[in-house]
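**Q** Those protein sequences? They're chains A, B, C, D, E and F, same order as listed. Residues in the first sequence are numbered from 47 upward in steps of one, following my numbering. Residues in the second sequence are numbered from 47 upward in steps of one, following my numbering. Residues in the third sequence are numbered from 47 upward in steps of one, following my numbering. Residues in the fourth sequence are numbered from 47 upward in steps of one, following my numbering. Residues in the fifth sequence are numbered from 47 upward in steps of one, following my numbering. Residues in the sixth sequence are numbered from 47 upward in steps of one, following my numbering.
No lab work stands behind these hints, which were simulated from the structure alone. Watch out, some of these pointers could steer you wrong.
A pair counts as met if it fits within one copy or between any two copies, since identical chains are not told apart.
Only pairs whose alpha carbons sit at most 27 Å apart, straight line, appear in this in silico DSSO-like list of lysine-lysine [claimed, not checked]:
#1 Lys102 / Lys211
#2 Lys184 / Lys124
#3 Lys54 / Lys142
#4 Lys142 / Lys161
#5 Lys160 / Lys142
#6 Lys146 / Lys211
#7 Lys184 / Lys146
#8 Lys142 / Lys102
#9 Lys54 / Lys146
#10 Lys102 / Lys146
What you are looking at is a predicted structure, and each value in this text was computed from that prediction instead of being measured.
Number of protein chains: 6
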Amino acid sequence: MKYFIEHKLLNYDGSQLQSLFAYKNFGLMGDSISVFRGSCRVEQNEMVDMEDVLAKDWIYSEDMLHFIVEHFDMDLEKAIIRQRLLIATIKEELEKFGVKTLSRSGDDLYEEDKKLSVSISTLSPVSSMIHCGLNVSKLNTPIPTIGLGDFRIQDVLGFGESVAKHYCDEVLSMRLARCKVRGVS
Amino acid sequence: MKYFIEHKLLNYDGSQLQSLFAYKNFGLMGDSISVFRGSCRVEQNEMVDMEDVLAKDWIYSEDMLHFIVEHFDMDLEKAIIRQRLLIATIKEELEKFGVKTLSRSGDDLYEEDKKLSVSISTLSPVSSMIHCGLNVSKLNTPIPTIGLGDFRIQDVLGFGESVAKHYCDEVLSMRLARCKVRGVS
Amino acid sequence: MKYFIEHKLLNYDGSQLQSLFAYKNFGLMGDSISVFRGSCRVEQNEMVDMEDVLAKDWIYSEDMLHFIVEHFDMDLEKAIIRQRLLIATIKEELEKFGVKTLSRSGDDLYEEDKKLSVSISTLSPVSSMIHCGLNVSKLNTPIPTIGLGDFRIQDVLGFGESVAKHYCDEVLSMRLARCKVRGVS
Amino acid sequence: MKYFIEHKLLNYDGSQLQSLFAYKNFGLMGDSISVFRGSCRVEQNEMVDMEDVLAKDWIYSEDMLHFIVEHFDMDLEKAIIRQRLLIATIKEELEKFGVKTLSRSGDDLYEEDKKLSVSISTLSPVSSMIHCGLNVSKLNTPIPTIGLGDFRIQDVLGFGESVAKHYCDEVLSMRLARCKVRGVS
Amino acid sequence: MKYFIEHKLLNYDGSQLQSLFAYKNFGLMGDSISVFRGSCRVEQNEMVDMEDVLAKDWIYSEDMLHFIVEHFDMDLEKAIIRQRLLIATIKEELEKFGVKTLSRSGDDLYEEDKKLSVSISTLSPVSSMIHCGLNVSKLNTPIPTIGLGDFRIQDVLGFGESVAKHYCDEVLSMRLARCKVRGVS
Amino acid sequence: MKYFIEHKLLNYDGSQLQSLFAYKNFGLMGDSISVFRGSCRVEQNEMVDMEDVLAKDWIYSEDMLHFIVEHFDMDLEKAIIRQRLLIATIKEELEKFGVKTLSRSGDDLYEEDKKLSVSISTLSPVSSMIHCGLNVSKLNTPIPTIGLGDFRIQDVLGFGESVAKHYCDEVLSMRLARCKVRGVS
């Protein structure tokens with residue numbers, strides 16, 4: 047499990063949620079988490095969550111911190127548990143930056159009724175994938191939101207790296223935890 | 047996914063981490079989380095974590111709030127991700143009770159260097175299982191600990207029920223999240 | 047596992063065998079069985095069974111009772127065992143309506159050499175899917191057939207609901223059966 | 047998938063539901079169904095179904111036709127779907143012998159309220175296993191039963207062979223069905 | 047597991063690495079290995095290995111012996127282990143023909159720095175697939191190569207059949223090996 | 047994937063084929079291959095291969111080079127493919143030491159009719175395991191054998207390390223190979 051921080055602006059339109067994204071773009075081979083910053087605008091035909099499609103929801107944010115995670119297994123249920131853990135990790139990481147007012151509701155983070163995040167998990171033909179975007183700016187979003195800017199996170203990509211590093215460490219520690227127990231009856 | 051709150055004292059000695067624990071003891075059929083209160087003393091021969099066995103660690107607490115989770119699949123990696131999410135959930139639930147000083151390190155919860163929890167995941171011949179114990183009292187533990195008593199959680203089993211309910215809700219919402227996305231390329 | 051009975055006519059042309067069919071059309075989230083009535087005409091390019099494609103078989107029926115089942119796992123062998131069980135269930139359900147002359151041959155139902163059913167199982171990118179169609183009318187089919195009309199099943203969708211309900215109940219009871227046994231040596 | 051008919055009497059006491067039963071006893075390597083005849087008496091400590099253990103049910107029959115199925119995968123849900131299909135197959139095979147009064151309820155066969163069968167599925171450390179026993183005699187059973195003797199099945203093992211052959215054929219045909227379809231979107 | 051030897055020339059352009067290739071072309075149902083001879087020219091848009099795509103490598107050989115393997119499970123890691131075993135098998139088979147100068151490096155065969163083979167594994171929507179091509183001629187290849195012609199393999203398809211037969215036998219013997227062991231603690 | 051070379055004598059009696067062997071004995075956490083030297087004597091009650099038990103074969107060698115591999119997944123078919131690849135790797139590694147007279151037959155290595163190796167794969171409750179032993183001495187074996195001593199392999203453990211290193215490298219390269227391909231249709 048490796049991570050990569052892309053320092054160039056990269057706008058997210060949904061097409062990034064594709065197998066081998068990190069390998070093709072950043073040369074990362076194997077399980078990975080990619081971090082970058084850019085706007086977020088996903089049109090209906092790129093949406094992965096059919097609930098949003100049916101509700102005709104749309105996703106827009108002027109400036110987001112994006113995470114794209116790829117695990118090379120094909121268990122969507124597992125990807126979704128990992129996604130929840132990633133969201134919990136982001137909340138915990140923000141606490142280290144002094145932000146203690148957030149609550150997690152499934153794969154969403156809120157400050158009261160203002161939404162910080164968007165997130166989705168799905169399968170590709172060869173892997174499972176997670177996208178999570180955190181608002182940096184809360185301007186012009188279609189619903190009430192809050193952004194990392196409101197929390198005075200100055201080094202947005204640096205914060206992203208903290209999350210990525212933490213997630214990678216946790217994946218490794220979970221791998222080891224899997225390898226040190228005996229079975230029970 | 048169902049939960050059960052056992053109101054009678056039930057001391058944990060490791061033998062409870064056994065397949066069908068909730069069914070045989072509380073009549074719960076299917077994925078479940080059982081909650082009970084009692085001491086925790088696990089002898090070496092009941093220990094599941096070989097790291098503890100090799101380190102000759104021992105586990106003792108006079109009074110703990112216990113969770114035993116059983117999922118009827120046999121993917122230990124998935125069980126361990128679920129375990130981490132359960133621990134994150136316990137931390138989040140404590141925040142609702144005003145406890146905002148905890149940090150999660152893998153499957154452990156700490157207030158500074160004082161440990162609140164013990165936890166382990168493993169496989170049975172027919173399922174995967176998680177045990178998590180939270181100190182109620184911090185007396186006489188072999189390492190520095192903190193307990194729910196220190197956080198003025200009066201209704202310990204009531205707190206346990208909040209966690210159990212939250213975990214059940216999250217398992218259900220993850221199941222639904224798995225069933226509403228299209229694949230990507 | 048839920049079912050839905052669509053009372054409006056819906057002709058089957060193969061494109062309905064698509065992931066999230068029940069969610070997108072009927073709002074059913076999770077494992078599901080959808081029941082509807084309409085003609086059945088599947089062109090070669092929509093055919094899923096390569097044996098039929100190679101044999102240049104075509105599928106046509108003026109009026110069929112259709113079942114579309116979706117399970118959110120990706121084990122095609124399991125889908126095919128479920129498909130056989132669904133076909134056995136349809137036969138058993140017809141027996142309750144007094145039809146005792148059918149025999150099952152794999153995933154087909156026959157009265158002597160007259161075919162009652164068509165059926166196929168396959169994988170989508172996120173699930174496994176089953177289609178089964180039962181002739182209501184036997185008119186103009188390319189091979190000798192029999193239809194529910196010949197069995198004096200008046201309430202065709204009502205019969206479909208009996209099957210769907212039975213299948214949902216069986217999936218639930220199999221889930222519970224999985225969760226109450228110990229392993230053997 | 048092979049079958050073996052044991053012509054010598056072999057009483058079932060639960061210990062036969064063990065991995066490699068067919069290989070160790072009859073030399074069958076690989077997925078198999080073994081058929082034999084003998085009494086059935088399973089004591090509590092050999093019982094696999096915890097529901098029976100909790101209910102203090104006991105299983106006794108003076109003379110049964112037994113099937114032991116072993117599949118060398120370790121998916122208990124799949125084993126249970128296969129078990130249901132085996133029970134449906136037994137009912138269908140009895141129909142060919144003129145017995146048209148049975149109904150299937152999950153993994154049980156009944157004539158009205160008289161039970162013909164007992165059955166269980168579970169996992170071994172290397173495989174999944176199914177036992178099914180059909181009463182030949184209905185004498186001295188702890189609950190109301192019916193037996194193959196009541197249906198004038200004279201050649202009990204011959205009937206068992208029909209079932210075994212049919213089950214083997216179906217496993218093969220399901221394997222082939224898995225290998226001839228394209229995926230859908 | 048069956049094999050088929052196509053005696054007509056069949057040039058490989060990457061489009062052959064498609065689910066049900068053997069069934070649609072040669073009528074083989076189930077796990078299979080197909081053997082044929084022809085040129086090999088895979089354009090970038092048909093390439094499966096993103097490493098080659100990123101490196102702008104291209105694959106060309108005037109005359110190759112091709113193997114296409116399809117297994118009807120969807121475990122890419124398993125497919126890759128099988129692929130390595132197939133390559134080891136080809137080397138071993140060549141040894142029987144007196145060729146003892148080859149070494150295997152992962153999924154490649156070399157004589158010193160001259161490459162004999164190209165190979166790739168991937169997933170289709172319903173199966174896992176392997177392609178392996180062995181140069182017959184070493185003329186005009188983009189990198190230094192060696193060919194079966196240099197080893198005086200006269201009957202190229204006959205050699206292919208030896209490999210295919212050996213691979214089929216090994217798959218069968220591995221299946222049996224899986225079915226004759228007890229578990230350990 | 048890590049390896050460990052135990053330089054102290056360690057006789058193999060079958061009890062070493064147990065989950066967490068490398069962790070408990072050598073502190074290796076995660077997938078591993080352990081290498082040691084010692085006699086090999088496996089009594090019937092420790093035998094894992096029921097074919098040997100039924101044939102009343104026994105396994106004895108005065109001096110062997112042993113490999114114990116543990117992978118923390120529970121797919122016995124995959125373990126057996128890995129075992130075959132390990133055996134092929136041992137043969138290839140011996141070729142680098144100038145030994146070119148061996149042939150592989152499944153999971154056995156022979157020089158003509160003299161057997162160099164014993165090997166078995168099985169499941170533990172939490173992992174899959176492989177044992178392979180290569181005769182160093184051919185003295186007093188119950189069947190005709192050949193030993194590494196006959197091949198003038200002086201540094202037996204050094205040879206073992208070459209194999210272990212090669213196997214670890216191959217596991218890593220297979221992991222990467224799994225993570226760089228797109229799916230096909």
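**Q** Next, verify each hint and record whether it holds.
**A** The hints, checked one at a time:
no. : hint            : result
1   : Lys102 / Lys211 : neither (35 Å within a copy, 31 Å between copies)
2   : Lys184 / Lys124 : neither (31 Å within a copy, 35 Å between copies)
3   : Lys54 / Lys142  : within (26 Å within a copy, 39 Å between copies)
4   : Lys142 / Lys161 : both (20 Å within a copy, 18 Å between copies)
5   : Lys160 / Lys142 : both (20 Å within a copy, 18 Å between copies)
6   : Lys146 / Lys211 : both (21 Å within a copy, 23 Å between copies)
7   : Lys184 / Lys146 : both (19 Å within a copy, 26 Å between copies)
8   : Lys142 / Lys102 : neither (36 Å within a copy, 33 Å between copies)
9   : Lys54 / Lys146  : neither (30 Å within a copy, 36 Å between copies)
10  : Lys102 / Lys146 : neither (33 Å within a copy, 38 Å between copies)
The earlier numbered hints that this structure contradicts are 1, 2, 8, 9 and 10.
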